[in-house]
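K.L.:
Protein chains in written order, with the numbering used here: chain A, 1 to 264; chain B, 1001 to 1242.
Note that these hints are calculated values from the structure, not bench results.
Hints may contain errors.
[Said to hold, decoys possible] If you only want the chain B side, here are some residues facing chain A, beta carbon under 10 angstroms, derived:
| id | residue |
| --- | --- |
| 1 | Lys1075 |
| 2 | Ala1087 |
| 3 | Met1154 |
| 4 | Leu1160 |
| 5 | Asp1162 |
Quick reminder that beta carbons are idealized off the backbone N, C-alpha and C, glycines included.
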Amino acid sequence: MNIILPFQSLGKNALTFLRELGQMGLFLALNLYYMIFPPYLPSRIIKQIHFIGVKSLPIVILTGLFTGMVLTLQVYYVLVTVGAESSVGSVTALSLIRELGPVITALMVTGRAGSALTAQLGIMRISDQIDALDAMALNPHKYLIIPNLIAGIICLPLLTAIFVVVGIWGGHLVGVELTGLATGTYYGAIADSILFKDLTLCFYKSLSFGLLITWISCYKGFFAGLKSHFGAEGVSRATTEAVVLSSVVVLIWDYILTSILLFA
Amino acid sequence: MIKIIDVHKNFGEHTVLKGVHLEIKKGQIVALIGGSGKGKSVLLKSVIGLLKPDSGQVLIHQQDISRLSGKKLKKIKEQLGIVFQSAALFDSLTVFENIAFPLKEKTKLSFSQIKEKVAQELANVDLKGCEEKYPAQLSGGMKKRVALARCLVMDPEAILFDEPTTGLDPIITNTIHQLIKRLQQKRNLTALIVSHEIPTIFNIVDKVAMLHEGEILSVGTPEEFIASDNPTIRRFLKGEIE
Chain A
1 MNIILPFQSL
11 GKNALTFLRE
21 LGQMGLFLAL
31 NLYYMIFPPY
41 LPSRIIKQIH
51 FIGVKSLPIV
61 ILTGLFTGMV
71 LTLQVYYVLV
81 TVGAESSVGS
91 VTALSLIREL
101 GPVITALMVT
111 GRAGSALTAQ
121 LGIMRISDQI
131 DALDAMALNP
141 HKYLIIPNLI
151 AGIICLPLLT
161 AIFVVVGIWG
171 GHLVGVELTG
181 LATGTYYGAI
191 ADSILFKDLT
201 LCFYKSLSFG
211 LLITWISCYK
221 GFFAGLKSHF
231 GAEGVSRATT
241 EAVVLSSVVV
251 LIWDYILTSI
261 LLFA
Chain B
1001 MIKIIDVHKN
1011 FGEHTVLKGV
1021 HLEIKKGQIV
1031 ALIGGSGKGK
1041 SVLLKSVIGL
1051 LKPDSGQVLI
1061 HQQDISRLSG
1071 KKLKKIKEQL
1081 GIVFQSAALF
1091 DSLTVFENIA
1101 FPLKEKTKLS
1111 FSQIKEKVAQ
1121 ELANVDLKGC
1131 EEKYPAQLSG
1141 GMKKRVALAR
1151 CLVMDPEAIL
1161 FDEPTTGLDP
1171 IITNTIHQLI
1181 KRLQQKRNLT
1191 ALIVSHEIPT
1201 IFNIVDKVAM
1211 LHEGEILSVG
1221 TPEEFIASDN
1231 PTIRRFLKGE
1241 IE
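With the sequences and hints as input, model every part of the structure.
P.N.:
Shown next, in the form of structure tokens:
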């Protein structure tokens, strides 16, 4: 009997995981379907763009600046030993555009906006505000989910672009102002090494991260406190799960997308 | 107006409703009583379409709400309103914005017309001058009245109340009961009230239905309930433990 127990538990967990995955897929499909039909609620989309995008700007600029600075510092001290310091700009820019820009921006937005979205929706769920919308014959997905999905898709590529530009400027501060590299060398290397393919990779990554973060955060918040953990504990658990899952999924999806697009 | 026929509802292996039958005629106020956690709120949510029964029918004007979707469901829902136990006010919106919300989203009224309607409904629930307050700045009784005003603003035919006076003092409880009665008389509203305020709720209702072990044990006038010989009803009314 005892030998079977671990397998039972494994099977149960696997089924729970698959069920959750299916529910998440259905949730996204339902929202994409509702997206087609009016009302389109542009004012709500703008409000969420402000919440997810504009309010994330300070943290994105700050992390972008220091990521660019520290990256350039590390790269400079490695390349200078082999006399290749003229490639500092190239390595910094490529790292920022291909990997660090989209990923760190996504992680920052997850921490700042994703967690807030889950908590907000979770509180609305446990205080019957979502049911109240439904009872008014208003579709809660239209008011609470779709504006966030659209805002995420719009904001992440823009925030990533800002992160990359600020990061390159941070690299300039260290590479040119601190270590004495010529401005032309730094920017020339960047111009020579970046291909259009790198920019599209960065764009597709940030676009998909925008969808992933808002999808996971909204799903966790929308169903917070409904299954096994109720009330404030349910909201707290949903928020933690949203942040952890979004971060992990961003990193896994980053690898998958890179391996597909970089070698395609 | 509302006819509940043989409604069953399970949550996993836990059976909540085991074949509920109940009819509420237009203009009637019906109290739904019964022990806590016995499925009264589940029944209420099934009536307004927030939960789908596993089997049975919930007829609103002869249309089964549990089998409707799209525009037909929307139309039926517009004839109903619900005041939740928690009031369920949108906490980031002011009282004015809360009441104006359904008007703004579902009608083409101008801002001045909306303002006028909101003021009118706030006066109906005796809450004039509270427009700019947020739900967090209101007492429990005020929240319930704002939730009622938010329902009334759309002129529904029936309102469902989920414990509208729980946690309120006897004076506020009586005020809300009288308010419901007054509005019913003024607008010929149909109301289904889930309540534990026994016997005060009996003063305003036409009929009482008791939900016991997933079924409607008895339906009758308040007088019939008070005079009932049924031992379960007698024990419940006296607050005795089974």
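K.L.:
Just pull the numbers of the violated hints for me, sorted ascending.
P.N.:
none
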